[in-house]
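Asker: Chains P and B, in that order, are what the protein sequence lines are.
All residue numbers for the first sequence refer to this note's numbering, where the first residue is 1 and numbers rise by one.
All residue numbers for the second sequence refer to this note's numbering, where the first residue is 1001 and numbers rise by one.
Wrong hints could be hidden among the right ones.
As the list claims (entries may be wrong) - Computed cross-link-like contacts, EDC-like style, restricted to lysine to aspartate or glutamate with a CA-CA straight-line distance of at most 20 Å:
1. B:K1244 / B:E1265
2. P:K244 / P:E269
3. B:K1244 / B:E1122
4. B:K1217 / B:E1265
5. B:K1140 / P:E254
6. P:K140 / B:E1254
In short, the hints are calculated from the structure, not lab data.
Protein chains: 2
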Amino acid sequence: MPTRTRSSPRPSPLVPASPPAPIGIFDSGVGGLTVFREIARALPHHPLIYLGDSARVPYGTKSADTVTGFTLQAAAHLIERGIGMLVVACNTATAAALPSLQSSLTIPVIGVVEPGARAAVEQTRGRVGVIATEGTVRSKAYTRAIHNIDPNIEVIESAAPLFVSLAEEGWANTHVAREVAEIYLEPLLDANIDTLVLGCTHYPILRDTIEHVIGDKVMIVDSAETTAASVLAAIGTSSNGAAKHTFLVTDAEERFRRIAGEFLERAIEHLELVTL
Amino acid sequence: MPTRTRSSPRPSPLVPASPPAPIGIFDSGVGGLTVFREIARALPHHPLIYLGDSARVPYGTKSADTVTGFTLQAAAHLIERGIGMLVVACNTATAAALPSLQSSLTIPVIGVVEPGARAAVEQTRGRVGVIATEGTVRSKAYTRAIHNIDPNIEVIESAAPLFVSLAEEGWANTHVAREVAEIYLEPLLDANIDTLVLGCTHYPILRDTIEHVIGDKVMIVDSAETTAASVLAAIGTSSNGAAKHTFLVTDAEERFRRIAGEFLERAIEHLELVTL
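Next comes chain P alone, as it looks inside the complex:
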C-alpha cells in the first residue's frame, strides 16, 4: 500500500482539485449584497452562498446579545451546507459576534470591520470618520480596530440610520438622499476628517451621493471592496469553471429578489427560503 511521503506536495486545501467548498456570505438582509458583489468580482469562478436574515432584519437597532445569537444561528446553517469560509458581510453582526464566531467555528471567518479599519489606517493622514448603524457605532468596533493598528489616529463615529431605508427604497440618488447626507456628514466634515469609512454594507449604494457631499478632499473606504480583497488574499486564485451563486433568505423572497436585482444589476437565480 503506497504511503504519502513528505516530499510529495499536498494540494492546498484552499485550491482543491475537486470543486472548492463554497464561501458563505452572511448578512442581516440585502445590504451584504454589496460585499457579495465585490467577492463575486474578485473570485468569479468560486461558488458562493449568500444568506440574508430577512425575517429579523435590521440588526443595526438591536442589542449585541441578540445580534450575536442570530448570527450564530446563521453560521450553523451555512456550516451545514458545507461552506469552507464564512464572511460576515454585516458590520453590526461583525461588531457584535466576530469573536464568538472565530472561537466556535473551525473554518476561517472574515468580518467587514477589520479590513475597513486597515484600509482606513493605510489611507488617512490622522482623522478618520466612520458612518454606521446605531449598533455598530455603540460597539465602537471601528475605533477599537483602528486603534489596535495605530492608537494615534483620531476616529469620529456617527450613526446614519436613514441611509439604510434610502438604499432599500431605491432613493440613493435623489435630492432627499443628498439632503440627508449633508445633515449626517456635516459634523464629520466640521471635524476635518480626511478619510470616511462606509461602515454599513448599505452605504456603498449611496456612494455617489456621499462623494458629492464630502468632495474630493476626503477619501472613502468602502468596506465591501476591502473585505473582498481580504477574501481573495485568503483564498488565493480563483478556481475555473462556472460559479454557482445560491441565495438563501429567511423571509420575503420576492422583496429580496427585487432589491437584489437593483443592488447586483442582474436577475438572481437559485433563491431559497430557509428557517434558522
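Once you have looked at the hints, place chain B on chain P.
Answerer: For chain B alone, coordinates are given in the frame of chain P:
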C-alpha cells in the same frame, strides 16, 4: 349536573368588580405607542400592558406568514400575563394576523384596520387614500375593510416606508420629512382623495408634516384615535384607581426607553425585557 339557563345573566368579563384585567397592546416595536397613548387618554384608570417586539421589528417588510407567527407568539405571552382584551396596535400585524388571533383566542381582539376603515367611510365623499407599510399595502386590508362597508368608495393605497425611519430618528418635523411627504403624497393628491388614512402606527408622529402637505381639503383618519375609541366603546367607563402601565420589549430596552419618551412625552416606568 346543573345546566346554565338563558335567563341567568352572566357578568360581563369586561367590567369586573375586582381590579380589571389589563388591556394588552401589541406592536412590532415603538410605533404602537401612538395607539397606547390614545388608549391611556381614553381610559386613564385602566391597567395597560404594552408589548413591542423590538428584536424582530419592523414587520412592514416581512411576509404575512412570518408576521402571523410572530404575532401569535406575542399574543400567547400577553395571555399568560392575564390580559382581558388584546389590541393589535400594528397595522401590518392586524392585516396579516387578526383572523388567526380572533379564531384562536377567547378574549376580545381589536385591530387597528377596521376602526380606521370605518372612520374613513364615515368621513369620505368617495375617494380615500391610505398610506401604510409595504406589507399592509400588499395585503389590501384597508381596501377590503372599506369595501365591506361600502363597495362604491374608491380606495388608493400607497406605501410610505421612509416615514417609519423618519419618525424613529426624531426627524418628523424636518425639511427632509416635508420633502419625503410631498413625494409620497403627490400621487394620492393627484388622484383627488378627500380623506387620508394614516395606516401605520408611526405616521401620527408625522401628522403636522403630512397636514402641511395635504392642506385643509383632505381630512386625516388617525387609526390610533379611532382604535382607542373602539376600545373605549368595548370596555365602557374606565375603572377608578391608579393605572399601572407596564412596557415589555424583546430587545434594546434603552433605545425603546428613549424613543418612547419622545412618543409619549414622558418618561416610562416598569420596562421589562422578555423573550417570546
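Asker: Does B:K1244 pair with B:E1122 here, judged by a C-alpha cut-off of 20 Å?
Answerer: violated, 34 Å
Asker: Within a Cα-Cα threshold of 20 Å, do P:K140 and B:E1254 meet the stated pairing?
Answerer: Holds: P:K140 and B:E1254 sit about 17 Å apart, inside 20 Å.
Asker: Please work out if B:K1140 and P:E254 have their alpha carbons no farther apart than 20 Å.
Answerer: Given that 20 Å is the threshold and the Cα spacing comes to 17 Å, the pair holds.
Asker: Does P:E269 lie within 20 Å of P:K244 when you go C-alpha to C-alpha?
Answerer: Holds - the C-alpha atoms of P:E269 and P:K244 are around 9 Å apart, at most 20 Å.
Asker: Given the hinted pair B:K1244 and B:E1265, is their Cα-Cα distance within 20 Å?
Answerer: The given pair, whose Cα atoms are some 17 Å apart, holds under the 20 Å limit.
Asker: Taking only the CA atoms, is the gap from B:K1217 to B:E1265 under or equal to 20 Å?
Answerer: violated, 30 Å
In the structure shown, a violation is registered for the earlier hints numbered 3, 4, in ascending order.
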